[in-house]
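Novice: What follows is the residue order along each chain.
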Amino acid sequence: MQTVIVVAGIAFAVIRATVVGLWCLLGDRAVSDSLVMELVITLLSDFIIVSIIGVTILHFAGRYRSDLTYETVSGSLTTYTLASLALLLLAAIIPHDVNEGRIGDFLTLISSNVIAIGAFAITIALAGFLTSILLLRRHRLTKVYLFIQLAIILGIWLVSALSVTAQWLTVVSATLTFAGIVIMLLNIRRLNWLTTITLDRKVRLLWLTVCGAFASIVLSIMFGFGDETYVSATVNLFIRSGSAVPAVINLFGFVFFIRLLFAIIAALPNSGIVDRRSNEVDALATLTRLMTKSTDVSSLLASVTDHAMRVCHAHGAWCELYTETGVDVVATQLVHENYVRSLHHHRSIHRLITTADQPHLVESLSDEVAAVDPTVVMKSMIIVPLVNDHRRTGTLVVFSTVDFGFEQDDLKLLTAFGDTVSVALDQARLIEAAFEKERMQKEIDVARDIQASLLPRTAPTSTRVDVDAVTIPATDVGGDYYDYIKFASGTWGAIIADVAGKGVPAALYMATLKGVVLAEMRMATGPADLLRRINATLHGSMERHTYITMMCVEFHEDCRYLRIARAGHTPAVIRRGGVTDIVAPQGLAIGIVGSDIFDRTIEDVVLAVEPGDVCLLTTDGVTERRDPDLVEIEQERILELVQRVVSDSATDVVRATQHVLDDHGRGAEPHDDITIVAIVVRNETATADKRRSLTSEEPS
Amino acid sequence: MTKDFALTTTSHPGDVCVISLAGYLDAHTASRLEEAMQTAISGGCRKVIVDFAELEYISSAGLGVFMVFIESVRSDGGDIKLAAMKAKVFTVFDLLGFPVLFEIYPTVPEALEAFGPAA
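Chain order of the listed sequences is A and B.
Using the working numbering, the first residue of the first sequence is number 182, and each one after it goes up by one.
Using the working numbering, the first residue of the second sequence is number 9, and each one after it goes up by one.
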């Protein structure tokens with residue numbers, strides 16, 4: 182849209198210049214010689230001015246919503262001043278030949294057009310700029326005043342066009358001008374935005390405003406002198422009495438600039454305070470942002486020290502943390518960490534930094550520290566202790582290389598800093614710890630899944646025997662293990678094992694054990710033989726304080742007998758023919774002794790069983806299950822349970838055992854892994870309907 | 009039953025040390041027993057008697073400690089003898105088959121006597 186208007190405007194200007202050129206240069210006449218010619222030229226001039234107004238409106242309407250900032254104001258001011266200067270230079274440098282409204286030569290034709298159009302462009306742009314500023318900080322009457330001003334401008338234009346015929350109209354023109362100035366002053370009320378600009382920017386804006394005011398008054402005067410100056414004569418040639426418009430608008434601009442100038446000057450004295458406050462707010466806001474963003478302590482401290490240094494206009498800063506091993510210099514700005522470390526070799530400086538319990542301003546280091554080394558570049562510093570949970574965790578130090586480099590205000594600001602940093606550090610450490618914990622937990626989860634996958638999924642079951650088991654680790658990964666195996670002879674076996682200790686080491690042994698069991702079972706002739714083989718393999722490769730207790734029960738699918746061997750494990754509880762007994766064949770735990778002793782002591786016990794008999798294998802997590810008062814479960818309760826349980830489902834027996842344990846535990850956390858393996862000899866006829874093929878149930 | 013664990017080491021003539029345990033020996037307290045044994049053995053003590061009279065409970069981790077030292081002590085011509093166990097603690101040792109490995113005496117004086125005339 183803007184481009185279209187610009188192109189149209191340029192086209193009108195070219196047409197107009199061509200027409201004027203043909204008429205004046207070739208015909209050697211003035212435009213005013215012919216009424217038709219004058220009307221045509223005026224119409225073209227109007228089109229050009231309308232184009233300029235259109236572009237200006239579009240330009241400022243786009244920025245109308247954006248906020249008033251130093252950048253927009255100073256940018257516009259600079260453009261205005263430079264354009265005005267260029268216009269005046271052009272008018273002064275280029276020789277011109279305008280007499281009685283006649284344009285003498287080609288150069289004059291071009292320059293007069295450029296000057297006239299330029300004057301309108303600058304003036305209208307200034308009007309647009311002023312309007313947008315007033316609208317951005319508008320009050321109730323801003324729009325009304327703006328319309329009045331527009332009316333005044335048009336009025337003055339009309340009056341100056343008519344004043345050729347009546348002299349008294351000049352008075353009206355002057356009155357209108359004065360009214361316009363008053364309205365302008367009334368319209369500029371809100372210049373508060375100036376106070377938020379920093380001091381150096383205010384000073385820059387002050388100079389720009391002076392330039393703007395100068396440019397506007399010069400333009401206003403130049404255009405205000407009727408045909409006596411070349412620029413106003415040119416503009417009047419462009420459109421009749423046109424110079425009134427730049428004269429009035431630039432005068433209004435001058436009023437605005439003067440008012441702005443006073444506002445800036447008035448705002449200068451408290452600039453220091455405003456600057457500091459806004460710096461403080463910025464600093465704390467940035468700090469908060471950093472806190473929420475960075476979870477990593479070192480990057481947080483790096484940004485904090487950098488920040489602290491900036492807000493205090495310090496020459497350097499660092500942050501040190503105190504660990505058990507000593508001083509840890511974590512973030513340094515414009516100072517090397519080795520230098521900071523060497524500072525701590527000065528006993529008095531070290532004491533000064535590390536013992537401050539309140540934020541402390543050292544105005545002159547040589548005053549506070551006797552016989553300070555001349556090589557120490559820090560002359561004044563602010564020491565901010567970082568405290569976490571009443572414990573001194575570190576120090577934030579900013580320093581200056583000159584004495585009295587800081588003010589009390591800096592100290593106050595850094596005090597607020599110190600508190601925030603302490604909190605942030607605390608937070609970052611917690612988050613780091615949480616991440617670490619989460620990572621560990623993930624690994625442990627994987628370990629637990631792997632461990633769970635090591636346990637068998639299907640139990641060997643026939644019409645005569647039912648087996649089931651459960652293991653509940655006390656921690657995420659346990660040292661308990663059970664498995665179902667197949668011996669060389671084709672008989673079945675259930676094993677239960679407990680690795681001494683808990684957690685990951687125990688779980689690793691458990692995984693090893695699984696491998697050894699799988700490797701040895703197909704060659705083993707029976708439970709005791711299997712345990713012997715396992716001990717022979719594992720003894721010597723286990724840590725000395727670790728051992729594995731284990732029990733193995735062999736049974737045929739007919740399940741006429743159970744063959745049991747025990748390697749230091751919790752004894753089995755077996756009900757045979759309605760009588761419950763503890764069965765503890767001799768045998769040492771695995772990994773304690775070599776084959777010579779182990780093989781000698783371990784034995785197989787063979788027990789004949791009949792339908793209804795139950796064999797319960799447990800780990801010491803079961804026999805030592807404690808209630809909240811740490812009282813262990815009595816062995817009688819387990820015996821009693823086995824005595825009275827009536828079911829041909831091993832799952833029921835396992836569940837019943839768990840129930841008894843939960844009953845005793847009364848919600849207390851189990852302190853050890855709990856594993857239960859139940860073997861139930863079934864009554865063949867009763868389970869005929871549940872017949873399942875043994876061969877299809879391959880154990881793992 | 010108490011969860012506290014206490015340990016005292018007393019030296020007897022003839023390189024004999026008596027380590028008396030009381031309370032609750034489990035994974036958390038086993039390291040203290042291990043330290044005490046290490047100190048005693050590296051202090052030149054080859055004949056160790058562990059007095060269980062006041063020990064209420066022993067876990068698998070506690071049992072493991074004795075196995076750490078037994079071989080080295082025996083190869084140096086010494087021994088670790090266990091004495092005065094409560095029935096419950098003895099059961100734990102017994103189930104693991106420890107009586108095959110360790111000499112267990114009803115009282116400390118009997119254990120001292122077993123170390124022979126040098127004690």
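The set of hints was computed from the structure by calculation and includes no laboratory data.
Bear in mind that the values here come from a model prediction, so they are computed numbers and not experimental data.
Glycine residues also receive a C-beta, built at the ideal position from the N, C-alpha and C atoms.
Take the hints with a grain of salt, since some may be wrong.
Across the chosen pairs, the derived CB separations fall in these ranges [what the hints assert, rightly or not]:
#, chain 1, residue 1, chain 2, residue 2, range
1, B, A95, A, G507, 49 to 55 Å
2, B, A14, A, E617, 54 to 60 Å
3, A, L611, B, T115, 53 to 59 Å
Computed far set for chain A versus chain B, every beta-carbon distance over 12 Å [what the hints assert, rightly or not]:
#, residue
4, A537
5, E624
6, Q816
Novice: Please confirm whether A:E624 is truly not at the interface, meaning its C-beta sits more than 12 Å away from all C-beta atoms of chain B.
Specialist: holds (21 Å)
Novice: Hey, does A:Q816 actually stay past 12 Å from chain B on C-beta?
Specialist: Given that some Cβ of chain B is not farther than 12 Å from that of A:Q816, nearest at about 10 Å, it is violated.
Novice: Go ahead and decide if the range 53 to 59 Å is satisfied by the Cβ distance of A:L611 to B:T115.
Specialist: holds (55 Å)
Novice: Tell me if the beta carbons of B:A14 and A:E617 are separated by a distance inside 54 to 60 Å.
Specialist: Roughly 35 Å apart at Cβ, these two residues miss the hinted range, so it is violated.
Novice: Looking at A:A537 again, its CB stays over 12 Å from all of chain B?
Specialist: Since the minimum Cβ distance to chain B is about 40 Å, A:A537 lies beyond 12 Å and the statement holds.
Novice: Just to be sure I understand the hint, the distance between the Cβ atoms of B:A95 and A:G507 should be within 49 to 55 Å; is that true here?
Specialist: Given range 49 to 55 Å: holds, Cβ gap about 54 Å.
The structure fails hints 2, 6 (numbered hints given earlier, in ascending order).
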